[in-house]
Each structure stands twice: as C-alpha cells, then as structure tokens.
Amino acid sequence: MSEPRQKKIEVENLRLSYGSKEVIHGISFDIGQGEIFAIIGPAQSAKTSLLKCINRTLDFVAGAKVSGVIKVDGQDISKSKNVYELRRKIGMVAPLPVGLPLSIYDNVAFAPRAAGMRNKHALDELVERCLTQAALWDEVKDRLDSLGTKLSGGQQQRLTIARALSHSPEVLCLDEFSIAIDPVTTMRIEDVLKELREKITIILVTNLVQQARRLADRTMFLWNGEVVELGTNDVVFSQRPQSQKTYEYVNGIFG
Amino acid sequence: MASTVFAETAFTRKKRLNERIAQVVFGLMAVALVTPLLFIIGYLFKQALPLLSFDFLTLNPTDGMRHGGIWSALLGTIWLVTASLCISAPIGVLAAVYLNEYAEENWFTRIINLAVVNLAGVPSIVHALFGLGAFVLFAGIGRSILAASLTLAIMTLPVIIASTKESLAAVPRSFREACWNVGATRWQTIRRIVLPNSISGILTGVILQVSRTAGETAPIMFTGAVFFKKIPEGDVFAYGLKDQCMALSMHLYTVTTQVTNAPEALPYAIAVVLLGTVLMVNALSIGLRVYLRSRKKW
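For the protein sequence lines, the chains are A and U, in the order given. Residue numbering for the first sequence follows the working numbering, starting at 1 and increasing by one per position. Residue numbering for the second sequence follows the working numbering, starting at 1001 and increasing by one per position.
Each hint should be verified, as a subset may be incorrect.
Unchecked claim - Part of the chain A face toward chain U, derived, beta carbon under 8 Å:
1. Phe60
2. Arg87
3. His167
Everything labelled a hint here was simulated from the structure, so no lab data went into it. Don't be surprised by glycine CBs; every beta carbon is placed ideally from N, CA and C.
With the hints as constraints, model all of the structure from the sequences given.
Set out below in structure tokens:
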C-alpha cells in the first residue's frame, strides 16, 4: 500500500482567498497515480474550493485569488494554455446531481462532442461504456433519448458520474457524491470506484468518515483550510493518529 | 378520540375565514385588472364600427384624411416596428448574453448595468430629441424610416437587455458548472445549454417590445413620421428605408387634433386597428411562449 507511486497531482503551499477572506492557508500534499485519496473535514473547511482549484473552474468565481503551485502530471496548471484539456483530464462530480436538460444520450455525449468528436459509432460505444461503468446502463438503455432531468436523484447522480467519465479522465474527483442518494446506490457506486482505481486516480471528498475508511488508500483531514492530518488509512483511522483532533473527528467525538 | 383531534376550534375557524377573505380580495383585484381593458376594447369597437372594413385597411387616406383608409399609416407602422426590432433585438440580446455570461463583476460592468437601468427610465420625448440630433442631423440620415427606427431601437434596447438578462439568469448556474467541468468553453455552454433553455423568455421579451414600439408617437414625430403621404396601394414594399412614412400612432394624433370635420368614427377606427395589431402580436408571443415552454426540459 505504501510502495512509491508516480505523483499525479502535487500541491505546494496552496493559498486561496475570496475577497479579503483567506479560506485555504497554505497547504501542501501529493496524490499518487492510481490512488484513492480521501479528503474529510467538516463544512467550511474548503474541500470543494480545493477541487475547484485543481480543475481551475475557480476561474469562473469572481473575487477568488489563488497562490502557490498545483501540478498535474508535473505541469503547473496555472501556466496551462489549454485549460479545457486540463478539465477533460479531471472528471468532476458535484454534490448534487446535475442532469443537463438534454437527453440521457446527449448528457453523456456532451463532453466528447464539445471536444470535437463527431463519429456516431464511436459516440454510441462511448455512451454505452460510460453508462455501464456508472452502473446505469441496464436501467436506461431502452430510453436513451428521454430527458436526463427526468431521472430520479440517484439515477441522475450516476448519470453525472457517467458524464464525468465520458471524457476519459485520468483523475476523478467526487465531491460528496452520496449525499443525494440512498445507501444501496452508494454501495453500487463504491463498487464501481473500486474497479476504476486500476485505471484512474480518484479524489474522494466526503462527509462520511466511514466511506473514506472503506475506500481510500490515504486520507487527508482538512480543518478550516489547513491540513490537520494526512496519512495512510491504517494510521488515520487507528487508535493513534498523529493528531488527537483527527481521532476525535473520526470517532464522532466532535464534528 | 380522532374526532377531538380534528375538531374545529375558534382559532382554526378564524384561520379558515381569513384564508377565504384573502382569496376573495385577491381574486377581485385580478378581475378589476381585466375590466378596464374589456371596456376600452368594447367601447372602441362600438364607436369604430361604421368605418371598419377591409377597404379601410388597404386604401390611402383621401380628402384631407376625411375619407379613404389608413393604408399608408398601417404600412408605415409595420415598417417602423420591423426595422427597429431588426436593429434592437440582435444588439440587445447579444449585449445581454455578454453581460450575463461573460462579463466579470467590476466597475465597468456595474456602470453598464446602471446605464441600462437608467436608459429604460428616460422619457420617450427625450429619446426623440436625441434621435433628431444624433441620427437626423449629426449622422445626416435625414428624416426617414431609418432614423425613426434607430430612435425607436435606442428606446427599446435597455428593456430588451433587461428582459433577456433575466431569462438567461433563470437558467441554473449548476448547469453551466457541469458543462465547464467537462471542458466545455463558455460559448459551447451558452450555445448548447443556456440559449435553448432561455429562448422562450428572450423571444417573449423582444416581441412585447412590438406593442411599445407601435404605440409610441413622440420618438418618430421629429425623426421620420409625416402628416400625410400617398403610397401605392397594395404594395408592401412601397416604403424604402430612406423614405419618410406615416404611422398609426401619429395618424391618430393628427386626426384627432389637426383635422376638422373628420368622421366621428375615424379616430376610433384607427385606434382599433392599432390595438388589434398589438393584441395580435401579443397573442402570437403568448402562443410562442406556450409552445417553447412545453419543450422546456427541467
């Protein structure tokens, strides 16, 4: 579990402020190739903002200022000219499911089409593969042209995951993906994640401490924009993590 | 026991009564809103009846406005409205897309937004003077349909921008974020998601400006509308952009104030045609809205 991996994402002294309020106070960490990396922490600990830094959708937030360095595959993303390519490299699943107001098929085909893919046959194959990976194919294969927005919440969340997989990302960020769906569906998606870990790096932001414990290789405990603890799961979830705070949070004594 | 749980108390009785009163009062207000409109339409129709005929629409006025129809005025209004919307709709919609989708919040965009709001509140006679100065005299276009349409366009622009922005803002931000997350550009997001889902509101906003444009007298009085003009009957391209024209609103004004011995029904008939045109356009916009709403996707 602790064999040296190639670094996929490197974050060095990252600071983020909205206006005059700093929410991330200089954090550094690495995420290895093919790792499931969990980020836990209470609300307002800047978990979602951190993900937005990584795929640079923070560019769309007025008044946000980032300093420090984030490297993906060794390349500084702030110097990336092709930010769209960066975002395709990083699949992002938001907390609340978002079915785009398009058909189920078009929801999944949206990203490849935006990247210029026109071949109908290749698109068909891709849509089937992504929906299958997201454990949704069997439920929707007969109604691919009905609206994605009309699916149930759990189905829409799997549709969102299928869409995030549709641009063949190398990193998949899941931002509290299970808050809108039932435990059974959550388990199905977790199984999917376990299969995907062979091929892609997964960043799992979660409020469910047990989910991080079940799935992750390493877990980072963020608290008010600072890293309290970062280590392999057998340390973070042990009786003796580095920080007493981690022990208390993980075991539900506070937070 | 269940009966005591659901039994009516003095408090619930009062609540129920209040609910009833509120419903009736609000309902009455809604009815009160419609009554004047029905009265206006009914009264106009009754007064105009002796003159209304197909010929009234298709013949030029003759005999110093006292006989004939209103063809040149009707066609003039159609030309003015069409030309001004052809100018203001594209500019207004594109500017609104920029302001809502691209522009960042800074002092510059705040000034633009402030200008749009204030421009919407400028009285039409002020627009008229601006049009006279800027288009007719300074730009040297002269009094013409073009100058009048430009003036009308300036007048409708801020309203089109405001209504378009509102329609765009009604599309949830989460849709945009989902698109950006998968590597779509802003334009791809606008083109594939934002515009298809706001088009009904945008079109309605634009079409509603037809009635406003058709009804305005002041902005066209100095910039292109004339007291009387004879044009070939039955030819819809009788006017050119450089021509001056008659217009229904102006015609109504001149007939009531300048022409003596005109038939009593004449102003009413003109008003009916103006109102009829406007109501037809509004009906079209409602129809379009219903159609596009039915295809709305969330």
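- Item | Hints not upheld, ascending by number | none
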